[in-house]
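> Chain by chain, the residues:
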Amino acid sequence: MKDVLYFAPTELTEALKLLAQYGEKATILAGGTDLVPRINYYELKPEVLVYIGNLGLDYIEQSDGKLVIGAATPTAKIAASPLVAEKAAALAEAARLSASPAIRTAGTIGGNLANASPAADLATPLIALGATVVLVSAKGEREVAVEEFFKGPGETVLQPGELIKEVRVPIKKGKSVFLKLGRRKAMTLSVVNVAVYVEMEKGQRCVDARVALGAMAPVPLRCKKAEGVLQGCVLPMSALEGAEFLDKARIEKAAELAIAESSPIDDQRATAWYRRKAGKVLVARALAAAAGVAI
Amino acid sequence: MDATISFTLNGRAVTVRTDPVRTLLEVLRNDLGLTGTKQGCDLEGECGACTVLLDGVPVRSCLTPVGKVEGREVLTVEGLGDPDRLHPLQKAFAETGAVQCGYCTPGMLMSSAALLARNPSPSRQAIIEALEGNLCRCTGYARIIAAVELAAARMRGESSPDGGAAQARPIGGDLLRVDIAERVTGRTQYVEDMPMPDALHMRVVRSPHLHARVVAIDTQKALEVPGVLRVLTAADIPGENSIEGYSKDETVLVPVGGTVKMVGDAVALVIATTPEAAQAGVAAVEVAYEPLPALLDPEEALAPNAVPIHADGNVLSTFAVTHGDANAALAASDAVVDVTYRTSYLEHATIEREAALGYIDEEGRITVVSGTHEPHWHRDFVAPVLGLEPSQVRVIMPPTGGSFGKRQDPWLVAATALAVYHMRRSVRIAYTRRESFDASPKRHPYVCRYTVGATRDGTLTGLRLRVTANTGAYDSGGYYIPNYAIVAGGGAYRWQGVDAFAQSVYTNGPKAGQMRGYGTPQSNFALECTLDEMIQRLGDDPVEFRLRNAIAQHETTWLGYPVAESLGYRQVLEAIRPRYQALETAARAFNESERNSPWRKGVGLAGMWYRFGKYGIPRVAAEAELGLDGRFVVYCSAPDYGQGTATVMVQLAAETLGVSRAAIRLVNADTATTLDSSVPGASRATYWVGGAVCRAVTALREVVAAVASEMLDCPPSAIVLADDRVMAGGDARRSVRLSEVAAEMERLGHSRKVTGVLDLRAQFPNYEREVYTPHFVTGAQVAEVLVNTTTGQARVTRVVAAHDVGHAINPRDAQGQIEGAIVMGLGAALMEEFVPGVTTGFSDYYIPTAKTMPDIEVILVEVPSYQGPFGAKGLGEAPILPTAPAIINAISRAVGARIREIPATPERILAAARRGGLR
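Line by line, the protein sequences are chains A and B. Here the working numbering runs 34 ahead of the position in the first sequence, where the first position is 1. Here the working numbering runs 22 ahead of the position in the second sequence, where the first position is 1.
I should point out that these hints are in silico values taken from the structure, not numbers from a laboratory. Remember, it's a predicted structure, so these values are computed and weren't measured experimentally. Please note: incorrect hints may appear among the correct ones.
No more than 27 Å apart at the CA atoms, straight line, and that leaves these computed lysine-lysine pairs for DSS-like [as the list claims (entries may be wrong)]:
#1 A:Lys219 / B:Lys873
#2 B:Lys243 / A:Lys79
#3 A:Lys282 / A:Lys236
Please model the complete structure; the sequences and the hints are all you need to start from.
Next comes the structure, spelled out in structure tokens:
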């Protein structure tokens with residue numbers, strides 16, 4: 035017997051009431067792919083579990099210029115959604131490459147973020163796409179940028195009584211790319227993952243660039259210096275005016291800056307040396323693909 | 023807090039009252055009795071064996087709190103089909119050889135069923151992606167994917183040939199596994215599935231230290247834990263605290279005053295009414311340790327001032343071979359390669375964890391049901407621990423989820439028997455996956471220094487070899503490792519001079535023991551890579567170089583004697599030559615056209631010889647009986663942990679008798695009912711036990727013919743056997759039923775059971791030589807690898823394998839063994855590494871998935887053996903030997919620098935690519 039109070043509310047208000055009532059004693063259960071093993075191992079003995087799979091938070095919609103994804107939406111649904119593929123390609127790809135099929139059917143986007151692994155696959159594309167999370171509690175709602183959501187490994191800005199209701203991804207004109215390396219092809223944690231977003235004016239001048247790195251720092255990381263050197267650059271053959279050429283050298287410069295901003299560690303999956311070397315290759319490859327530059 | 027949970031299970035409404043936080047897996051298995059769904063990891067979602075469908079979607083039942091399934095539909099393997107009405111997937115899995123041990127099969131089937139429901143015409147890639155989360159350690163995945171394709175075609179209504187082959191001859195024709203319908207429907211009961219409602223539960227108190235003295239053990243608090251009945255320590259061992267026959271220096275439980283020598287060493291056994299209570303009891307046992315300096319590096323353990331891990335020093339065993347004058351041969355060489363290769367600790371990672379069920383049988387024997395390579399062997403190790411005669415102990419081999427050598431360790435049987443001895447009740451134990459990683463024997467890590475010489479024209483001259491094998495804390499069946507290291511390490515090559523020395527060295531790492539190939543894959547890896555370095559140095563051709571230097575059939579080898587059995591190495595190399603040449607040419611073209619990309623394609627070749635059948639010439643016995651029902655019964659000990667030996671025994675008996683397989687019943691591997699067939703692994707089951715089975719049924723046929731000839735009034739030579747009757751000269755009108763023959767034998771007082779013995783001492787007169795074996799199998803593999811020189815990622819795209827298997831009794835299973843070995847060898851080459859104190863389970867010990875699998879082409883080179891049954895040889899282990907060196911040779915050639923340590927992680931490949939000047 036695990037002696038846990040288990041609730042499976044069917045209304046959001048009911049769930050928020052339970053979370054308010056039990057405060058720090060309450061643990062939220064969604065897909066369970068990260069939480070249940072810890073309970074099974076007796077690492078974690080939650081007093082109260084609140085299952086949020088029956089709250090109607092499983093949806094992918096387009097609204098108000100945004101892609102809105104319910105927190106309890108399984109990763110498999112995101113991977114299979116034509117809407118996500120069209121409006122947030124990097125997110126779709128990250129979902130497709132994460133874990134394995136029977137984990138993706140259970141694991142949710144909200145859970146992937148709340149678990150706050152530095153290697154969380156869905157975090158980097160959301161940061162690159164400028165997404166926000168909507169956090170709700172009995173007291174009300176607040177919206178936080180995904181890049182500001184993480185505080186450290188396993189730590190987020192979520193307060194007791196609060197849950198992630200949905201993720202909002204602005205629909206923009208640019209192109210996003212996600213790349214990942216692991217120790218094997220499937221069912222693997224990222225040794226490094228990269229998501230980038232690049233918007234090219236008339237296909238020739240970079241007007242917006244965002245770069246995010248996973249498993250390269252205590253939290254999924256946005257690399258603003260790397261983004262900075264891409265802003266306003268134009269393709270070498272362009273008729274447009276630009277500060278600098280957006281060419282192989284510029285992309286490699288950006289990749290170098292991104293890696294300089296990171297602080298990878300040695301662990302059993304890879305050394306920091308390897309993460310830097312391979313991470314740089316991945317950033318360059320992702321930027322080149324997003325910007326349409328051959329490298 | 024219990025709740026009432028209602029859901030639909032396999033089409034029928036069920037209601038359970040339980041804690042909603044318990045996993046669906048536990049509720050299915052323990053409360054609802056559906057044990058087809060398996061647990062392979064520590065309820066952490068890493069293995070896929072527990073996959074079920076929830077509302078048609080695959081989920082891990084171990085990650086699903088049962089509260090979540092309220093009002094929903096659950097489908098398990100039992101609901102997919104039953105033995106009389108197999109689902110098309112189950113039928114296809116059976117027919118394609120997609121099932122070896124069968125432990126991953128239920129999960130594979132459920133993932134496949136979900137795919138086909140969603141996509142009736144999946145591409146191969148879609149199938150691979152659907153199965154990427156289901157680990158299999160036996161098959162190498164290829165046949166599973168083929169099975170899904172076959173089932174999909176049939177479900178679409180396309181005609182596909184029926185693989186049943188009921189009319190085919192037993193050998194080479196009728197290939198279905200003997201118990202396949204049960205395996206594919208989840209009906210097969212592995213140890214953990216066997217019902218025993220009153221069984222107690224045992225857990226083990228294990229050392230958290232690498233090296234420490236046990237100062238005191240206090241069991242008082244553990245005994246106060248509700249449900250804990252007994253805590254056993256070394257003081258409770260009635261006989262010898264030793265499993266010496268297997269591991270000369272290992273205790274069953276480390277006593278007070280003794281030292282634990284590795285993490286996972288067993289100190290006490292806690293027996294309780296529930297697994298949870300036993301676990302709580304383990305946590306409450308207080309062991310006072312005095313930590314001692316620990317050694318993990320064998321080089322340090324060999325230092326003169328090193329702490330002795332065992333009383334008589336840190337060297338377990340040594341072996342040397344001297345042949346000719348190696349120094350002179352090396353000195354006279356035009357080229358000498360002097361290099362050092364290293365390998366890692368590897369874990370078998372069978373999908374079934376270690377488990378045992380002990381009880382007192384109807385004749386009062388202490389009985390243990392547990393996976394083993396030879397129940398008689400384990401019985402004989404365990405009886406002295408209990409101070410009993412072997413006849414007072416019984417060991418039974420159950421259906422088992424893989425071994426690869428893992429289940430040769432008798433510790434679990436000894437511990438379970440000890441618990442039953444004291445409790446006089448049934449006791450069960452199942453390791454956690456973490457425990458399985460900590461406490462089970464590993465593959466020995468090697469450091470191999472090779473000095474190899476050759477003349478300018480590519481003739482090998484001298485070999486100097488030094489091997490240091492890390493045996494970890496104990497012998498654990500590793501005593502002969504130095505011998506195996508050297509025999510494999512010289513290969514099937516002609517050397518003018520050999521100076522080889524190997525030693526097995528104690529450290530405080532995990533005990534190393536038997537694992538597929540027993541000490542040979544590591545030195546063969548080093549040899550075949552060193553040869554490739556020489557071949558590149560000389561600008562020679564990998565196939566021609568090996569052919570030029572391969573020993574001939576009757577030549578006295580560098581071991582000092584000729585190979586007595588047939589040797590097919592030249593045939594193997596000839597068979598693989600065109601495939602090597604074609605792939606090599608294609609790789610050159612690829613690298614030329616992709617000059618500016620980071621991708622390089624490499625093609626590598628490696629060979630091997632493997633001395634199967636352990637050492638010595640055993641006297642192997644089996645029995646055959648004519649049952650009163652007129653069926654033939656074969657009694658032998660050829661434990662089948664997934665490799666298919668049970669099927670082979672039935673095939674051999676049926677072919678020998680000239681009847682169909684349906685006429686044969688097999689009683690296998692139970693010390694109370696079968697003879698000792700002396701088969702602790704080493705790929706010897708088909709050749710040796712199979713040979714004994716053939717002799718037993720031949721003898722039985724003679725007895726039956728003698729009695730039947732009297733009944734039919736014809737000479738015994740005119741007797742023809744059919745499945746259920748005996749005929750005179752093939753005339754169906756002059757026949758009697760076999761059941762009537764059996765009744766007549768009873769009436770006459772003739773024994774209906776006869777013994778067959780295989781004893782080949784006359785055929786192999788060298789048998790008295792030390793560690794002698796007459797038979798070797800050979801093989802060669804070509805690997806094609808795509809390497810990204812900027813990230814170090816390597817993808818093995820193709821492996822071609824040519825193996826001399828003798829006459830293939832079951833060609834499909836022979837190919838399945840080769841495919842499985844290749845994928846396991848790929849894991850060793852690229853990703854597998856057990857790090858003591860770091861590695862915990864499948865989440866950090868990566869084994870290949872369906873996505874890692876290369877395209878595999880198998881070429882069976884059938885060079886019949888002289889003495890094996892129907893020309894068969896032993897195959898199970900050997901195909902793993904050439905895989906890692908073929909892959910590493912391919913990568914090294916692709917990046918232009920040598921990789922001399924495996925696994926070749928992306929880091930090591932990237933570092934090599936930089937050395938090679940590619941980036």
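> Which hints, by number, does the structure contradict?
none
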